[in-house]
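2 protein chains.
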Amino acid sequence: MSTTKPTESPIHAEPRPTAITTAPFPNSNKRYLQGSIHPQIRVPFREVTLSPSKAFSTGKLEENAPVLIYDTSGPYTDPDVAIDVAHGLAPIRRQWIESRQDTELYEGQNTLLSAHSAEHVVPSLQRQPRRAKAGKNVSQMHYARQGIITPEMEFVAIRENMRNEVLKEGLSELERKHRLQGNNFGAAIPEEITPEFVRQEVAAGRAIIPANINHPEIEPTIIGRNFLVKINANIGNSIVTSSIEEEVEKLVWSTRWGADTVMDLSTGANIHATRDYIVRNSPVPIGTVPIYQALEKVNGKAEDLTWALYRDTLIEQAEQGVDYFTIHAGVLLRYIPLTAKRVTGIVSRGGSIMAKWCLAHHQENFLYTHFEDICEIMKAYDVSFSLGDGLRPGSIADANDAAQFGELETLGELTEIAWRHDVQVMIEGPGHVPMHMIQENMTKQLSICNGAPFYTLGPLTTDIAPGYDHITSGIGAAMIGWFGTAMLCYVTPKEHLGLPNRDDVKTGVITYKLAAHAADLAKGHPSARYRDDALSKARFEFRWEDQFNLSLDPETAKAYHDETLPADGAKEAQFCSMCGPKFCSMSITQDVRELAEQQEAVAASV
Amino acid sequence: MSTTKPTESPIHAEPRPTAITTAPFPNSNKRYLQGSIHPQIRVPFREVTLSPSKAFSTGKLEENAPVLIYDTSGPYTDPDVAIDVAHGLAPIRRQWIESRQDTELYEGQNTLLSAHSAEHVVPSLQRQPRRAKAGKNVSQMHYARQGIITPEMEFVAIRENMRNEVLKEGLSELERKHRLQGNNFGAAIPEEITPEFVRQEVAAGRAIIPANINHPEIEPTIIGRNFLVKINANIGNSIVTSSIEEEVEKLVWSTRWGADTVMDLSTGANIHATRDYIVRNSPVPIGTVPIYQALEKVNGKAEDLTWALYRDTLIEQAEQGVDYFTIHAGVLLRYIPLTAKRVTGIVSRGGSIMAKWCLAHHQENFLYTHFEDICEIMKAYDVSFSLGDGLRPGSIADANDAAQFGELETLGELTEIAWRHDVQVMIEGPGHVPMHMIQENMTKQLSICNGAPFYTLGPLTTDIAPGYDHITSGIGAAMIGWFGTAMLCYVTPKEHLGLPNRDDVKTGVITYKLAAHAADLAKGHPSARYRDDALSKARFEFRWEDQFNLSLDPETAKAYHDETLPADGAKEAQFCSMCGPKFCSMSITQDVRELAEQQEAVAASV
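As given, the protein sequences belong to chains A and B, one line each in that order. Counting from 1, position 479 in the first sequence corresponds to residue 479 in our numbering; the numbering is continuous, with no gaps. Convert by adding 606 to the 1-based position in the second sequence; the result is the number in our numbering.
The set of hints was computed from the structure by calculation and includes no laboratory data. Note that CB positions come from ideal geometry on N, CA and C, so glycine has one too. Check the hints yourself; a few may be wrong.
Said to hold, decoys possible - Chain B stretches covered by chain A per the calculated footprint, using a threshold of three residues with CB under 8 Å from any CB of chain A: (1) 812-825; (2) 1155-1163; (3) 1177-1187.
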């Protein structure tokens, strides 16, 4: 970061380190596991220390093994790492990328920036960009198809497989039985997730590892239906509110609570510098919708957009390290009239922009006509496609209509083209869909897009609850996650109403984290159930602090408990204020078990 | 109510009228529809007045018809009704009941009360009780089986059928298409719900109308899979906290937001008088778990419970007007050992109490052995059974196990017995169940209990989110509602942690209301979709106030919007702070439509 302070900056030029949340979770340590194929990799987990169980009849203490939890929070929760937002995170992937010897540093497009008035007031964190050497393809899919297990692949395998890697125990008989019960809609999740399994899934296009070579700071993650369901949080300022500083904290804040990727949807001033700060400080993949920045460059006039300007924007963002791009290449001219009778028209921002462009010029969408040109850019940096659903339904009335499914057909065609270039692809999905029509979305997407990962926004299962759309959509998200969606884009309580604040972001992330976990349980992912079991055991044994610490949000769980019973002694109590001491079923059950044991003992002695 | 003020009362003896929420919703009027078979009945709705639409190209204003909404809030939101908590609501059903000439007033058990020390400090609202004349059965099921359409049946038919009754329009072609799409799991909901259809469903046992003859204040509601999914809110003090006054306001508060029934789960002091206030002031059916009060009478010692004491408690509560009783008659001695290896044992309070009693005496559950005696009481007052699932799973690990399904078999057997007495029955269900195991619960319940309505608590789809269990369970609730559950028992954010406060109750109710509505959409109930469509149309047309007022929680929707754009002018704006003015897709869509119209006009003129 430049040490020269800009004068008269309209925003805080340097994020204050104190504004970033860095504390570890209660009773939790950062623990790293080493790779075996690639010993240099260190996969982070949160290790939660538990108190011992007290046998209810004898009173004997029994130790409980620590529980490891998938950890998206990055170095921010590691007290051994010094955080300096002005310099960004350590580039842990740099050596992995360099050792492949298929990339080169080059000048890049920084000079472009001076064209945009607001940008120069914020110092940039831009590093010298890297790209594929001429004729090389640096995508994870390309490596996978050549049979190469990259460090990124082993990293995600260890991450997904934490149960076997750490707990050194397989599934219990009961877990295995539960896994087999009910429908899993054709998911094929092995009991042990190996690096080779990861490679196969990436090679087949059923999973992606978004990992731009210009984003060496990330701890890689995998998005595919045979892995843990991931969630995305959207951040970004709109012209109405918020600053760079807030956006970096929103990034850290959302990954703290479990966001697996973050999309920067900024549309206001300082769009380039904001993104620099976000990417350099992000331990998770970053996605963007490049058309937003392109539109800023033409002062909001959609009809003035051109391929050349859009192309430059893609390269600019690829050089910054954006890991996936939402590209609305399926909004074709012929689909636009299909939205005319809809209750809510086109509700995707990118979709509506492209529709306006197409209609104004009466020409085919340039993202579609230049799709192979875009593939060339993607494979030079390993940016993944997130093929945008510009025509997704924005209301129950518009669900599963001809416009939506027409676009999906085109996304299937584009997936094939991207795969011919060995470029990673996922497909965006709806939107607003009533429960009985959700499954059709998944079935069609899997068949039309040949198993490419689905990435859905909800879907919202009713329109009548603004203020609670994290829940209306959390229902749809859990269900479609079970049906096979690989990543769920969060919705906050402010959806349809305003820009989310810090509390809204947290509520949205936690809601989607629990929806994703519910889906993981239903799919039978081997790394899911043990956390429920550990928490329920703690609950039954009145180990209150353990129950809080194993939960998705220890702070809130503890605060709710303490609202009525704040005394320290209440954390040892065999009841809470919900039922009181005489009516606690768990406490009575312990009496019942004791009684049963005594009766058995008497019977045995007779 | 006695006018003598008690001295040194430990709680507020008379609820202060000011503490009760009575304001109508914004832009909403109470509207009553008259019966045709029974012209004396007046079925209440909330009528929401909308502003006109502005045609986007011509600017011409078009009126929007008012929207009618199912209204559980009772007279509290009718400004024409004077509310006096100290006297209770008007007994609108009294004449219906009296005109059947099969009941009589009698002395009742009030004298029993003096036995319980805390009771006398609060004046009772008890009215003289009514019971069936000797040899008569006054249950709605009994009437239905004799081919009688009662005022209660016509009332619920009008309530369920509001679209046809009021809007005078059938389903649109699109709605009809959506209804047919996807699976509805065998629901058979007609496009028009007639009083005769209601009668048939009640006669068959597929639906119940909980309506104690001693609760003439209720506006009847129907619980069955071929009707709107209903929700229940639990209130009630535990020994740790809360007063009568708060409980009445919690009742009013939860029905205001949409609770269709309320369970009074009080376990503390003043249990009888609290219930008097709740029943006399409740426009919705009230449920209780009589074993809680019985246990208070034996000072919390489960082993001291007797049939005689329990029987008196049932009669005491039936005389007060409780509409349904949760009775844990399926917790049989032989099922208790099946819970020994569970992670969380027995988590139903009533279930654990009965288990303790059974084990202490090594005798069969007296609720099971005296089940026919209980039926005699139920039919003398028309109290419905809610057969308790005392062995429901309290964790994902314990879902769908032998204890749970063993008890369900017994509940099926008891359903048959109750039906032989023409007593109304619903069946309580779990609990904690992962998504892929939910459907098995519904399928088994329908088959074992011959289509008796299912009434489930959630189910919670994961254990790892204490503090957010309204959502973990809202997911399961929406799904099982779609699969066929008739009523959903709400869960608040405080579940497992403490007694819910006012905000928690509201959050729980709204969450369950949206889950129930999502299920209604998926089942294709004809009175569901029009509200989504009206709200989405308002949203697309930037009629912000209409969007708020049509939502489940107008206050919160408006407050969230106003957080960033509080000015009055923002309610006319074609954007919100989420995307800002340049990036609002709905605004751009209107440009797109205008552009398309112009192009068509040009093409036509050439």
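Hints versus structure:
no. : hint      : result
1   : 812-825   : violated (count 0)
2   : 1155-1163 : holds (count 6)
3   : 1177-1187 : holds (count 6)
Checked against the numbered hints given earlier, this structure breaks only hint 1.
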